[in-house]
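Asks: Take a look at the letters that make up each chain.
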Amino acid sequence: MSDHTMTGRPAAQRATRPLAIPPLHLAIFAGLLAFFAVAPFFLYPVFLMKVMCFVLFACAFNLLLGYGGLLSFGHAAFFGSASYVSAHAAKVWGLSPELCVLMGSGTAALLGLVIGSLAIRRQGIYFAMVTLAFAQMVYFISLQAPFTGGEDGIQAVPRNRLFGIINLSSDMALYGFVFVIVFAGLFLIYRVIHSPFGQVLKAIRENEARSVSLGYQVNRYKLAVFVISATLAGTAGATKALVFQLASLTDVHWAMSGEVVLMALLGGMHTVFGPIVGAAIIVTMQTISPASAPGLQCCRA
Amino acid sequence: MTGSDLILSAKGMTKQFAGFMAVNNVDLDVRRGSIHALIGPNGAGKTTCFNLLTKFLQPTSGTISFNGRDITTLGASEIARLGMVRSFQISAVFPKLTVIENVRVALQRRRGTNFDFWRAQTVLGEFDAEAMRRVEEVGLEDFAHHTAQELSYGRKRALEIATTLALEPEMLLLDEPMAGMAQADVERISALIKSISAGRTILMVEHNLSVVADLSDTITVLARGQVLAEGGYETVSKDPRVIEAYIGVGHG
Ligand SMILES: Nc1ncnc2c1ncn2[C@@H]1O[C@H](COP(=O)(O)OP(=O)(O)O)[C@@H](O)[C@H]1O
Ligand SMILES: [Mg+2]
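Residue numbers (the working numbering), protein chains in the order written: chain A, 344 to 644; chain B, 47 to 298.
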C-alpha cells in the first residue's frame, strides 16, 4: 500500500481524518447538485427554489451554531433586512438581480458586523438574548420605516434581467440563477468549515479558554464567523425576495429566527449536511400542510 | 538578582473576590531558566495566581512584568503570543479533535492571526510531521488518531503538554500537571518536564512533593493567599510555618 501522508508514517497510522475532502462528502455534493439540476423538470420550480433558499439560510445559520458554538436567535434580522434591500433595489431602483442579491448580502454583512461585535461579548443564553433583542429592533424598524411598506411589505418585486441581459421572469430561468447562488453559498460554507480558520473555530467551540491560552484572539474569530454567517443568511433572504417577488414582515419576524434554529437542530447541528435535510423537511411540511406547523406562519408561498 | 535574571516578576499582586482575598499582596520573582514550584494547601490561591499571571483574571492591584515588560494590562491571548503559555488544572484538550489535530491547533498559530476561511485546510498538512514529533515526545504516538476524549486522564495531560510545547514557549505555567496520574505516567511526565526545561522557564503547581523536590530549583509556599516561605526544598521543607500550614489545613 502506498503512503500518501506527509508524515511519512506507515499506512496503518495514516490520519483517520484526512485533511482532504472525504469521498463521501464529494458524493453527497454531487448527489445534491444532480438532484437539484434535474428536479425542476418534475417538481414545482418555485417550491424547489424556496427549499434551496432555506437550505442556504439553515446552513449559514448552522455555520455559527454548529461550528462557532454560538446560538443566534436573531438570524431573521439578516435574512429579512437583505430581503427588503433586495426587493427595494429591484423594484424602486430597477437593479439587475445579481446586484440586488449583492446589496442584500452586503446589508446583512454590515448589520452582522454591528450586531455581532456587541453580541459576542456575551456567552450562551445571553448571546442569544442580545441577538434576539437586536433582531426585534430590526423588526420594529421594518414595521415603521417608509420604504418597507409596513404590513403590506414590498410586493410585486420585478425579477429584472440578469446582468441586464437575461430575462429571469420565467421560473426556469430564475431557477438557474438561484441554483448557482445557493450552491456557491453552500460550497463557501463547506470551505469555511474545512479551512485553517475553521479548524481554529472548532478549537474555540471545543475549549475556549484553551484556545485563548494558545494565543488565539477568540473574539475576532467569533466575530468573523458571525459576519460570514450573517452575510450568507442575507444572500438567502435577498434571493428569496426575488423568487417570491415579495419582502415582508414575516422575513424579519422572530418566528423566522426560530424556524432556522429548528431546521439546524432537526438535521443535526454538528454535521455539514444535516441542516440541508432539516430545511428541506420543514419547507416541505409547510408547503404540503401549512396548518400542521402552527408556530411557523412565516415564509408560506 | 539583577533585573534581567528575572523572566517573570509580580509585585504586590492581589485578587479580591467579593471581599475575599484569594491572593493577597504576593511578590513573586521567577528566575530565567529555572523550574519554580508553587505549592500550598488547597485553596491557597495557586490557581488564582496562575490566572493573574496569564491575565485570565485581572488583578485587583499590583503589577506583573514579563521579560522586563509590564504586562499588567495585556489580554490573555496576547500573553500567550509573548511566549508565556499556561496549562489548566482541569485537563484542557479539544475533546472531539484527534490527538494530532490538538497539537496542530497550536502549531497553526505560526501562520499568524490568519483568517483565511477561503483556503482549504490541506495547507495544514505542513504541520503534520512536526505534530507527530510532539506526540511521540510525550509517548502518545499509538493514539495519534484517536480523539482526545477517548484518552485516559494521564494521557490527556500528556497531550496538553505536547500541545503547549508545540508553541515552543519561553515560559510554561503548569497547573498540577501530574494530578491524578498513575506512577508510571508521573515518572514519564516528570522526565519530560526536566528535558523540556533546557532553555525554558517553568512555573508549576504540584502536590507531589517528591516530584517538587526532584525538579524544582526554587519553591514558593503559598497559604491563604500569601507567601509563607520561599527557597530550595531543604529550606522550605524545614520551615516550621510551612509544616504547620500543611498539617493545619491538610494536604490536598
Ligand atoms: N472565580 C472565583 N470567584 C470566587 N472565589 C474564587 C474564584 N476562584 C477562586 N476562588 C477562591 O479563591 C481561593 C483560592 O482558590 P485557588 O486559587 O483555586 O486555590 P488553589 O489552586 O491553591 O487550590 C479559594 O478559596 C477559591 O474558592
Ligand atoms: Mg488549584
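Please note: incorrect hints may appear among the correct ones.
A few chain B residues that don't get close to chain A, going by computed Cβ distances all over 12 Å [stated by the list, open to error]: (1) Asp-51; (2) Ser-137; (3) Phe-140.
Okay, the calculated beta carbon distance ranges per label pair [claimed, not checked]: (4) A:Leu-376 - B:Arg-78: 41 to 49 Å; (5) A:Pro-361 - B:Asp-188: 17 to 25 Å; (6) B:Asp-188 - A:Ala-516: 52 to 60 Å; (7) A:Arg-465 - B:Tyr-199: 31 to 39 Å; (8) A:Leu-486 - B:Asn-113: 55 to 63 Å.
To be clear, the hints were calculated from the coordinates, so they are not data collected in a lab. Idealized CB from N, CA, C, for every residue including glycine.
Asks: Each hint should be assessed against the structure and marked as holding or not.
Replies: Going through the hints against the structure:
1. Asp-51: holds (26 Å)
2. Ser-137: violated (10 Å)
3. Phe-140: violated (4 Å)
4. A:Leu-376 - B:Arg-78: 41 to 49 Å: About 59 Å separates the Cβ atoms of Leu-376 (chain A) and Arg-78 (chain B), which means 41 to 49 Å is violated.
5. A:Pro-361 - B:Asp-188: 17 to 25 Å: holds (19 Å)
6. B:Asp-188 - A:Ala-516: 52 to 60 Å: holds (58 Å)
7. A:Arg-465 - B:Tyr-199: 31 to 39 Å: This hint holds: roughly 32 Å between Cβ atoms.
8. A:Leu-486 - B:Asn-113: 55 to 63 Å: holds (57 Å)
In summary, the numbered hints that this structure violates are 2, 3 and 4.
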